[in-house]
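Here is what each chain is made of, one letter per residue.
There are 2 protein chains.
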Amino acid sequence: MPSPKVYGETAQDDGRRAVEACFGQDFDLGQPGRSGWMASERSPYGVELGVRYPVCDGQALIDAAHAAMPGWQRIGAQGRAGVCLEILEAVAYAYREMKFIPHETVWEKPQGKNPPLKMKKHFEIVGRGVALVIGCGTFPTWNTYPGLFAALATGNPVIVKPHQNAILPAAITVRIAREVLAEAGLDPNLVTLAAFDKHEATQALATHPAVKSIDFTGGNAFGQWLISNAKQAQVYAELAGVNNVVIESTDQYKAMLRNLAFTLCLYSGQMCTTTQAILVPADGIDTDQGRKSYDEVCADLATSIDKFLADPAVATAVLGAIQSPDTLARIAEAPAHGRVVRASTKIEHAEFPGAEVRSPLLLACDAADEKAYMEERFGPSPSSSRSPTARGGDLSERIVRESALTVGLYTTKPEVVDAMTEATWRAGVALSINLTGGVFVNQSAGFSDYHGVGMNPAANASLSDSAFVANRFRVVQRRHHVE
Amino acid sequence: MPSPKVYGETAQDDGRRAVEACFGQDFDLGQPGRSGWMASERSPYGVELGVRYPVCDGQALIDAAHAAMPGWQRIGAQGRAGVCLEILEAVAYAYREMKFIPHETVWEKPQGKNPPLKMKKHFEIVGRGVALVIGCGTFPTWNTYPGLFAALATGNPVIVKPHQNAILPAAITVRIAREVLAEAGLDPNLVTLAAFDKHEATQALATHPAVKSIDFTGGNAFGQWLISNAKQAQVYAELAGVNNVVIESTDQYKAMLRNLAFTLCLYSGQMCTTTQAILVPADGIDTDQGRKSYDEVCADLATSIDKFLADPAVATAVLGAIQSPDTLARIAEAPAHGRVVRASTKIEHAEFPGAEVRSPLLLACDAADEKAYMEERFGPSPSSSRSPTARGGDLSERIVRESALTVGLYTTKPEVVDAMTEATWRAGVALSINLTGGVFVNQSAGFSDYHGVGMNPAANASLSDSAFVANRFRVVQRRHHVE
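Protein chains in written order, with the UniProt record's numbering: chain A, 1 to 483; chain B, 1 to 483.
Hints are not guaranteed to be accurate.
Since the list gives no way to pick out one identical chain from another, each pair is judged satisfied if it fits inside one copy or across any two copies.
Below are the BS3-like pairs computed for lysine-lysine, each with C-alpha atoms no more than 27 Å apart in a straight line [stated by the list, open to error]:
hint	residue 1	residue 2
1	LYS307	LYS254
2	LYS231	LYS198
3	LYS231	LYS212
4	LYS109	LYS121
5	LYS254	LYS292
6	LYS346	LYS307
7	LYS118	LYS231
8	LYS5	LYS113
9	LYS113	LYS307
10	LYS307	LYS109
11	LYS109	LYS254
12	LYS292	LYS413
13	LYS371	LYS198
14	LYS212	LYS254
15	LYS307	LYS120
16	LYS99	LYS120
17	LYS371	LYS99
18	LYS371	LYS118
19	LYS120	LYS254
20	LYS413	LYS118
21	LYS120	LYS109
Think of the hints as simulated: they come from the structure by calculation, not from any bench.
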């Protein structure tokens, strides 16, 4: 929903028409090695898409990528950053790291009374090779762009392999990238789309000796498969985890519940950052509205969700639609894992009758029942665990060490904040403290939050630090005498 | 041999006395988990050493390292850089990368007519965990310090595992580091020495789940073992390769031969950067002294080595001594791999009668006989390969793709320089062009050469780029509302 003030009054209609113009058409990209067409996307809103994408041979894409590389290297860090800026703006880190490398220097070594030795040294920034970016089904742009631009800006051709049910946003991006590259007189095969209809084709590409880096966002199973099998490549994996919130006490009970309700509803919990476990002491919490028992906290959170979703227009806008049949299945089987505090309901979408909209399901369980909440379950079925008093922080740390991207904390006690802060340093997770307003634990701000820490199994990289770009290129030097 | 002008007239004697004072003594470091003492070092100069080092349990060192970590994190990037500066100066890259991370910031999000959302965000630099630095037998300091300081300065405790025959330099370094740390009020167990008398102990430590990074310099066999087996750690490996020099033509024939002779003699070729194959066209080369046949080039290079080593004092100073019995064995078996152009000779050392000093052996072979030169053979036994005209550059590139750290080129033709430059960009190796003076292909200048490129199997990292430090720490953030 683009803001009319920022993007113009007709932006929403324009965007919709532009997307609908793609429906039922071939999405041609002028890529080499095309063996056929595929149309695999299924809209969670029940809209017929029928966009057909070129299925290209992986080896042909790699060959084309190699052929495109020297010209990309030749225009240098500044040229590449300029071209990438025309595609998108997120190349600042890559540019900074490359700018540290001097283009050339004259080196002198004193020789006592004799004239100094003088050498000219040239330093060439060389991309490490073909980059593969594997997108996910729920965030096809947000989660594809960091790897795409980090790899491209540092000198590497990029093959974009979108999720088979979220190809269009990637295909549009690839098309624009190819247009900008061609306009700049560069080989458009620096960016290609690998729309594969066979999972084996993705696996073959990921383990191809020429593929030197892989950016992956998605489920833990394929992420771990990539880390274990694509040993020829540097793998940057953003997976998922049991994000958790520790409630120790609060002086803003209602605002806390409102904040948590929004987090659990936003995009039906289909975010790698959404809270999956809420840890509440078994003997309850102190609040500005008096002592609240564990059961009261659970019930009040359920009520808060109900209130938030009372207006169907708000509900459908915030919940979005369930992207995958797997997630629908997880909602269906969730009641087996605990006591249902709030059941998931199907919500009709006024505009899209086929949309699969679901409200969150809320479970209660004992902290001792670890299998109820220790396993990551993507989607809107979080658990609220009853943990022994004062054990919330320890339990949270243990969960994070298994895998987590976000942790929240509610407390009125500075010493609890300090202890939790140190726990998150040890386990490696971003901490949000006492969120009661319009910021939510599952949201990362683009230029001031380190999304993904890269210290626990939920992610082996952050998307916004030097490590994310510095290892994607090498410096090849040459030197010779000068007078 | 310290310069008397720079280090004082008595520096050499002072240094010798300081080392001799260690002989036959326990080298105590006050480390935990000591199970015994070992004295494994054997001097290549035939000097009795008998220094006894504490053998400590790897798990005890890891436990002590973990206990030391929070205090190290607490003093921050500036504090760590300061302490490291007192131990050594090579921490600039690590400091630069850490300084990019703001300590804290206030973030505002406009809310239309309402007051903006304001959050305070804190960013903590957290070392990824225990670092293991595995030294080599020939360069126990130069090759240990980059990893040691990169890991330490970025927040990680470091366990130094020296080569069992080159412990003393590492032990002295560790002792100084521990003294400086303790003086700064920090836990000295941030730097410990792991003097192991069993190879299995090194393997167990390298694959320990708590070890998060490994810096290794040494042979390809153990380096590849580490890369394949220490999957829990980021491995920074500097191995060895078939460094090569392509001679296409020269306008300084004598100076070229002098330069190559010095390279082959320096430290008896026991450097990971020493030339192992010299590629000369089968039909000879153009020089300022007329056309020279392949055999003439070989013979003239041998004569140049003879002349350079004619003065025994120069010879012993430049050659050093053969560090390992394995290298002596490789010299003995080298004649099997080609035609001996110059035989290796044993040279008596005036001061150290037990020193194993050897002059370089020079072999001639055909380029087609790949097994003669394609395999890395550490030590002073390079091959001069007769390659079909104009194929030198292609062959060099193929060798580099297998593994190489340095390449040299002699040519008078700019187009050959250009072609070779592009070949080194593709294969990833540092190129030295027409070295005829006091700079040698096997030497890297500390602050202006990118030692190790990290693009071919000879090394998976450079010692002097952002990638060497940026992945050793993570940023853990926390955020909360502010008014």
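Quiz item: How would you label the pair LYS292, LYS413 (within, between, both, or neither) given a Cα cut-off of 27 Å?
Solution: Within one copy only: 17 Å inside a chain, 85 Å across chains, cut-off 27 Å.
Self-check item: Intra- versus inter-subunit Cα pairing at 27 Å for LYS231 with LYS198
Solution: within (21 Å within a copy, 29 Å between copies)
Exercise. Can you give me the call for LYS113 and LYS307, within, between, both or neither, at a CA distance of at most 27 Å?
Key: The answer is between: 25 Å across copies meets 27 Å, while 86 Å in one copy does not.
Quiz item: Should LYS254 paired with LYS292 be assigned to within, between, both, or neither, using CA atoms and 27 Å as the limit?
Solution: Intra 12 Å, inter 91 Å, cutoff 27 Å: intra-copy only.
Quiz prompt | Alpha-carbon proximity between LYS307 and LYS109, which holds within one copy, between copies, both or neither at 27 Å | solution = Between copies, since 26 Å is at most 27 Å while 75 Å is not.
Self-check item: Intra- versus inter-subunit Cα pairing at 27 Å for LYS413 with LYS118
Solution: between (64 Å within a copy, 21 Å between copies)
Quiz prompt | Within, between, both or neither: LYS118, LYS231 at alpha-carbon 27 Å | solution = neither (42 Å within a copy, 43 Å between copies)
Practice problem: State whether the alpha carbon distance between LYS120 and LYS109 is at most 27 Å within one copy, between copies, both, or neither. | Solution: Result: close within a single copy only, 12 Å intra versus 50 Å inter.
Practice problem: Indicate which option fits the pair LYS212, LYS254 if close means a Cα-Cα distance not exceeding 27 Å: within, between, both or neither. | Solution: Neither: 50 Å inside a chain and 43 Å across chains, both beyond 27 Å.
Quiz item: Can you tell me if LYS371 and LYS198 fall within 27 Å by alpha carbon in one copy, between copies, both or neither?
Solution: neither (33 Å within a copy, 42 Å between copies)
Quiz item: For LYS109 vs LYS121, is the C-alpha pair at or below 27 Å within one copy, between two copies, both, or neither?
Solution: Answer is within: at 13 Å inside a copy they meet the 27 Å cutoff, but 47 Å across does not.
Practice problem: State whether the alpha carbon distance between LYS231 and LYS212 is at most 27 Å within one copy, between copies, both, or neither. | Solution: both (9 Å within a copy, 17 Å between copies)
The structure does not agree with the numbered hints 7, 13, 14, 15, 17 and 18 stated previously, though it agrees with the rest.
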